[in-house]
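If you're matching them up, the sequences are chains A, B, C and D in order.
The opening position of the first sequence corresponds to residue 1 in my numbering, with each subsequent residue numbered one higher.
The opening position of the second sequence corresponds to residue 1001 in my numbering, with each subsequent residue numbered one higher.
The opening position of the third sequence corresponds to residue 2001 in my numbering, with each subsequent residue numbered one higher.
The opening position of the fourth sequence corresponds to residue 3001 in my numbering, with each subsequent residue numbered one higher.
Think of the hints as simulated: they come from the structure by calculation, not from any bench.
If you're wondering where the values come from, they're calculated on a predicted model, not measured in any experiment.
Careful, some of the hints might be misleading.
[Stated by the list, open to error] Cβ-Cβ distance ranges computed for the label pairs, FRET-style:
1. C:H2112 - A:I51: 23 to 33 Å
2. C:A2031 - B:T1006: 36 to 46 Å
3. A:V23 - D:E3078: 42 to 52 Å
4. C:I2099 - D:A3144: 30 to 40 Å
5. D:D3150 - A:T39: 47 to 57 Å
6. D:G3100 - C:E2101: 28 to 38 Å
Glycine is no exception: its CB is placed at the ideal position from the N, C-alpha and C atoms.
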Amino acid sequence: MDRAATDTVTVLYFASLRDAAGVASESLPAQGDLRALYTALRGRYGFALPIERLRVAVDGAFARWDDPVRAGSEVAFIPPVSGG
Amino acid sequence: MDRAATDTVTVLYFASLRDAAGVASESLPAQGDLRALYTALRGRYGFALPIERLRVAVDGAFARWDDPVRAGSEVAFIPPVSGG
Amino acid sequence: METTTDAAGDHLVQRFRLAEAPFEIAPLRAALLDARAGAYAGFEGWVRDHNDGRGVHGLRYQAYAALAQAEGERILAEALERFAIVNARCVHRVGELAIGELAVWVGVSAAHREAAFAACRFVIDEVKARVPIWKHERYADGAADWLHPDDQPR
Amino acid sequence: METTTDAAGDHLVQRFRLAEAPFEIAPLRAALLDARAGAYAGFEGWVRDHNDGRGVHGLRYQAYAALAQAEGERILAEALERFAIVNARCVHRVGELAIGELAVWVGVSAAHREAAFAACRFVIDEVKARVPIWKHERYADGAADWLHPDDQPR
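Pulled out of the complex, with its shape left as it was, chain A reads as follows (with noise of 0.2 Å):
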């Protein structure tokens, strides 16, 4: 993870997403929200979850959809959960 970079952002994934995308993790450039970076993501590794079905969160928060993707924070996406 570059939490130093200023320019981009670390992207985690978990569950279905950590396995499609084949890393935990990883640091991409910080531009648009968060919506548009997940579905340029999705585009890329094929997730199978629509949006909807997720949540997201920013540095440990739950955030919303249309945030800005801020340079130097960590931005997690979260399926459904399935804990208990």
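Following the hints, complete the assembly by docking chains B, C and D onto the known chain A.
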């Protein structure tokens, strides 16, 4: 307890009834029904609890107040319970 | 646990038990573990230091043992009939108990949590309402009393 | 358990915990014992040998640990606000689990059983719905899959 006697009934007392009667059980003549038996004993010992607040059991199973007092049986008056 | 034999001679598991001394929960819980069971709900009743605003120093439970045993077994059999559970057990103390001691324990295993919770609640509610056990409390002010709740019998 | 410090610098008890290895319930339960508490409700989720009719050989939980910890603490704080309870704790396993292993434990102490049961149910329901933990099941037929239930997010 005198379960062998054919003309008596063994009466068991619990909780506040036992305290008022001063004994845990006693052998009494078997006559009348269970309601009459409790009424007589309430008069003798001054039990605070009216019959409406009790249940009655005979030989370890719940019974009806109208049941006759059977010689050789074991009668228990069941005050409102407070386990748990 | 020991087994009892019903009128037809069938051996039945003893699911309800009166305990004259403190008992361990771990082996009781372990007996409910089952590969089919994904959920376990447990309830414990402890002796509190107060009741209705009055300080309590200790208490004693008295039971009509024969009927308490039979009625307790009936309640657990009812729980197994009514709810989609795998197993259920209950142990109730009798005799002298100090503050903080375990008075009653209920454990239920089930495939799913809904049934486990519902059955556990059912068992403790019915035990409190139906099983012939009486609580005698000793109060901080020196008084002592048998508890005969107003809403009984039902 | 360890303590965390909130934004205002207050020391907060850690009520929710992720466990990377099997954990003992006894000390967790003991920490909930309280002279004010007359009731204890507990819930345990165990790994079953089947799910939706499919044989399960084992499973693995993956968590987004930072957010899971924060969300778990929020759920327990909500339980303490909403219900008349004395204390509440939850521990959730992560990593590889075998059939019959303990996956999640919830314990709640309260003055009365009504609140203990309600809060215990609330905590497990919210943990299952909100905490970012994912289950990966390995099936008897050799397949394996992440579980992403349809009714999420809510």
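Results for each hint:
The given range of 23 to 33 Å is respected by H2112 of chain C and I51 of chain A, whose C-beta atoms sit roughly 31 Å from each other. Restraint check, A2031 of chain C to T1006 of chain B: a C-beta distance of roughly 45 Å satisfies the suggested window 36 to 46 Å. A hinted range of 42 to 52 Å is violated for the C-beta pair V23 of chain A and E3078 of chain D, which are about 35 Å apart. A hinted range of 30 to 40 Å is violated for the C-beta pair I2099 of chain C and A3144 of chain D, which are about 51 Å apart.
Between D3150 of chain D and T39 of chain A, the C-beta spacing of about 21 Å breaks the proposed range 47 to 57 Å. For G3100 of chain D paired with E2101 of chain C, a C-beta distance near 31 Å keeps the hint of 28 to 38 Å intact.
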